[in-house]
Each structure stands twice: as C-alpha cells, then as structure tokens.
Amino acid sequence: MRHEANGAKPAIDPDIAARQAVMATCTGATAAELEHALQGLGEAPSASDLRGTENGLVMLRGRMGGDGRAFNLGEATVTRAAVRLDDGRTGFAYQLGRDTAKARIAAILDALWQGPERAAVESVLTPIRDRIAGEAAAKARRVAATRVNFFTMVRGED
Amino acid sequence: MYVAVKGGEEAIDNAHGLLAHERRGPVSVPDLSPDQIENQLALAVDRVMAEGSLYDPALAALAIKQSRGDLIEAIFLVRAFRTTLPRFGNGEPVDTSAMAIERRISATFKDLPGGQVLGPTFDYTHRLIDFMLAAGVTPPAPAEVETDFEATPRVTDLLDGQGLIEAELPDDTAEVGDLTRAPLDFPADRDLRLQALARGDEGFLLALGYSTQRGYGRTHPFVGEIRFGEVMAEFVPEELGFAVPLGPVTLTECQMVNQFHGSAELPPQFTRGYGLVFGQSERKAMAMSLVDRALRTREFGEDITAPAQDEEFVLSHCDNVQATGFVEHLKLPHYVDFQAELGLVRKMRSEYAARQQELKEAAE
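So the protein sequences, as listed, match chains X and Z. Counting in our numbering, the first sequence runs from 1 upward without gaps. Counting in our numbering, the second sequence runs from 1001 upward without gaps.
Hints may contain errors.
What the hints assert, rightly or not - Covered stretches of chain Z (chain X as the covering partner; in silico rule of three or more C-beta atoms under 8 Å from a C-beta of chain X): (1) 1064-1070; (2) 1273-1282; (3) 1303-1312; (4) 1332-1344; (5) 1348-1359.
What the hints assert, rightly or not - Covered by chain X, according to a simulated footprint, are these stretches of chain Z (three or more residues, beta-carbon under 8 Å): (6) 1110-1116; (7) 1188-1194; (8) 1203-1215; (9) 1261-1268.
Unchecked claim - Computed, partial: chain Z to chain X, Cβ under 10 Å: (10) ALA1011; (11) ILE1012; (12) ASP1013; (13) PRO1120; (14) PHE1122.
FYI, nobody ran anything at the bench for these hints, they're computed from the structure. Source: prediction; values computed, not measured. From the three backbone atoms N, C-alpha and C, an ideal C-beta is built for every residue, glycine too.
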C-alpha cells in the first residue's frame, strides 16, 4: 500500500489513523467513485451543512534541507466541507482541489464512518482503495525499472 | 503620471474579441482541452504552479490555455486567482523522506540506500527532434520491475551523524515568515528567502545559479541529491485536532552540498543549499539550491562580492509577476510625462543653439 506508505505520519491512536486512511482514500477518489460509493450504502442519509462547502487555500510548508526549520513553500487550493447527519454525527473533509460536490460526499462518508456504518463505509471504499493502490504499485514498478544497477568493468589482464 | 483618457472602450472590447479569436485559432484544428494540457504539457503546468505559488494542476492548465501558452501571463492569472480565496491555515511541513520516489539521483554517492533511480528524464536523450511524435504514434508500454517498498533516506542524513555536513535543526517554535502577508524587509531570514526563491522566476534563478558557477560568488557545489515524487500534504484543522491528509502533491527537492573552509567558530564541513519546488521542476530546484547557498553569506561570514549573494538584489527581482508588472507598465499612456519632457528638451535645445551662436560671434 504505497499510497498509505507516503501518507507521512499516521496518528498513534488507531481510530484516528483509520479515519485518516478513509480521508486519504476519499481525497484520492474521483467524484464519480465517491458518488458510487455513497449510493452503495443504500438510501442517501440526509445531512445538513455545518458550514457551507467552500474553496480556500492552505499554505504548504517545507523544511530547510528537508529536516530543518519550516518555511512557506506555496499555497494549494483546498475544498472543505462540514456536515451534520440527522442523528447529530458530524463529518469533515479537507481535500486538494476545487470539487465541492466530492468534498461534501467525503464529509458525509466521514460522518457515517464514525457510527454503525463504519464497516459498510470501509467496504464501499475498498474498490477505490484498491484502484489507488494498484495505480501506485504500477507506477512504482515502472520507476523501479529505471533504477541503475552499477557493474564494474574489468580492464586489462590480471 | 497617468491621466484619465476617455475613449478606446470599443477598441479594447474588440481587441479582447480578437484575442479570443486568435486564441482559438482555425476551427479546422480541434480545440485544446485543459485536461490535455494538464497531462501532456505537464512540465509547463508544473512551472505555472511553482511560480504562481499555487498547487492546482487543473487551474494551472486552464491558465495556460487562457494565456495562449504565455507562462508568465498564466502565472499572473494564477496569482490573481489565489487572492480571491480565503486561507484555511498552514499545512504541516511536508516530509520529503517519505516521498513516493519517481526519480532520485545523487552525484556524490554512487551506492546509496534506495539506489539511483532515473525516472522520466530528458537526460541522456540526444536532443534530436522526434518526428514520430508529429505522427501521433502511441509509445510502447514502459518496462516494469517488481519492487518492494524501500526506504530512500535523504543523502544528507547519511553523513549527518559524522558532522561532515552541516546539520539542519528543526525548531518548530520559530515563527515562519510569510511574504504574502507582510512586505519583505531586509535583511530577510532564510525562511522568507526560500519562500521567495520557491516562487521566483526559473530563468532568473537559473542565470544567478549559473553566475555562481562561473565565479561570481563561487560556492563549490555538488548535487548531494535530487528527488521528485509525491508526498502527502497534511493540514490540522482546529475542529479536528489531527492531521488530515489533503492529497498527494508532487514536489522536486534538491540538496546541494557545498565546500566550506570553516571559521574560528566552526570546523571545516560541507554546507548546504536547498531547493524545493512544486511539480517536476529539476532545473528550478537546482538553481534555487545554488542561490539559497549563495545568499547565506551572513551565516558563514562571507563577503558579498557578487549579485547572487546580494539578498536585496535577488529577492527584489526574482518575482516575474512583479517584474513584468513594472516593465510592462511602460506601455501605459505616459502622454503628459512625455509632453513635459518634450517641452524641456525643446527649451534646452534652444538654449544650446543660443550658446553656440554666442561662441560663434565671439570667435569672429
């Protein structure tokens, strides 16, 4: 699962780490995939906006030399959504890009995941997770084929 | 000085209409989609993201279409777009050691953990025009090799333990300067300099980096490592209190390792210049790392003898949106200024003629 492998630092708390993994899958999904996943859960739950879904920016940061003091690298467009289900559960999404419909579905899935629908949400996301992992693995194989294998030339006679 | 000049509205409207017409070109040629630009002119998209200082490939592709491929115009469009959006906050610093490597080379260590990985590179091509591309030939599938996830530590981490290379010290209590929020002040700290360089013009930084190699502020650089690939961008929203994965961003990182002779306080060791850029932008990352090191004169007690070492010169001129704004403003109406100058030149010429006449009469 290379995609998860580059997900920097998963939280220590396994519940949070699992929630982060769901969020990572949702951000890597296409809008159509997420819509399909939500439909796979049966009747769409009614959700109200805790805050209007909106486009905005997050300032991305790097570190000097990769591991030193932080500096501002540049911004990224990010869409955020926050919803509340009828039973009071809240869900959030923060995703790169400007797709408000996709972010709102991700927030609904985040809310559902925190309740009895957790296993169902994990299950409808599995094909997406597999697609992302499959693509990452194929890319890794193509990149690995460009790895240099040095060999030493023997010159002259011994 | 500018004065309000009425008229010209119709000419302007028609000029923009003509621009749209020329942008589209002959309708016998299919319209170019932003999707095609994003995927097939990906390095142009990367440059617009880097210098537009906004990570959004789809937006950068659209900006390139709108600007007819004028990348500085596209960068300008992206910069203008970002001013329309609220900022949710600051992301977590990206961890480039956890990058899903697409290319990773070192010019200083042949054998290193993770290996030398060439990736999709123009290096070693013969730079011959490929006429097969004009024929629209589908390339054969690239080779694949089974691989396990292997850690690729940064090269600079390999030597860090021995003190031979300058160590970077993370200090997350330090305030991180932001030149989009406060005007640049000199002297500027390295965080602000790196931010300015990361969004600076590739051509300008390339020329400055080159100048250091030619002796104008020489730094004896080696490419410790160049890598590009995806890292997960993360953000901690207040309402959640944990790092939310925003999605993968492609970055290029260059670790330049530079000779340093040491000083009274410091034993001799290699110093470092750093480049980090949105997208696959190797030339820019290398130039950035050269200029970053050149600008660290105060830290190492080096004399400022060359343009690349002069932070006020570099930082004041590396932004191509600012530069193009000031250069291109010269074409705005300066009718009144020019009339005033014209009157002045006429007056000076008549005075000159009178003096010449006096001299001539005196000589006779």
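**Message:** Count the residues of the region 1110-1116 of chain Z whose Cβ falls closer than 8 Å to any Cβ of chain X, and tell me whether that reaches three.
**Reply:** holds (count 4)
**Message:** Just to make sure I understand the rule, a stretch counts as covered if three or more of its residues have a C-beta closer than 8 Å to a C-beta of the chain. Does the region 1303-1312 of chain Z meet that for chain X?
**Reply:** violated (count 0)
**Prompt:** Residue count check for the region 1203-1215 of chain Z against chain X: does it reach three with CB-CB under 8 Å?
**Reply:** violated (count 0)
**Item:** Interface hint for Z/ASP1013, Cβ within 10 Å of any Cβ on chain X
**Value:** Interface hint status for Z/ASP1013: violated (29 Å vs cutoff 10 Å).
**Request:** Count the residues of the region 1348-1359 of chain Z whose CB lies closer than 8 Å to any CB of chain X, then report whether that count reaches three.
**Result:** violated (count 0)
**Asked** Do three or more residues of the region 1273-1282 of chain Z come closer than 8 Å to chain X, measuring C-beta to C-beta?
**Response** holds (count 3)
**Message:** Interface hint check: Z/ILE1012, Cβ to nearest Cβ on chain X, cutoff 10 Å. Holds or violated?
**Reply:** The hint is violated - Z/ILE1012 has no Cβ within 10 Å of chain X, the shortest such distance being about 30 Å.
**Asked** Counting residues of the region 1332-1344 of chain Z that have a beta-carbon nearer than 8 Å to any beta-carbon of chain X, does the count reach 3?
**Response** violated (count 0)
**Message:** Tell me if the interface restraint on Z/PRO1120 is satisfied: Cβ within less than 10 Å of some Cβ in chain X.
**Reply:** Since chain X brings a Cβ to about 8 Å from Z/PRO1120, closer than 10 Å, the hint holds.
**Agreement of hint Z/PHE1122 with chain X interface, Cβ distance less than 10 Å** = Violated. Min distance 13 Å.
**Asked** With a Cβ-Cβ cutoff of 8 Å, does the region 1188-1194 of chain Z contain at least three residues near chain X?
**Response** holds (count 4)
**Message:** Please check whether Z/ALA1011 passes as an interface residue: C-beta within 10 Å of a C-beta belonging to chain X.
**Reply:** With a minimum Cβ separation of about 35 Å from chain X (threshold 10 Å), the hint on Z/ALA1011 is violated.
In summary, the numbered hints that this structure violates are 1, 3, 4, 5, 8, 9, 10, 11, 12, 14.
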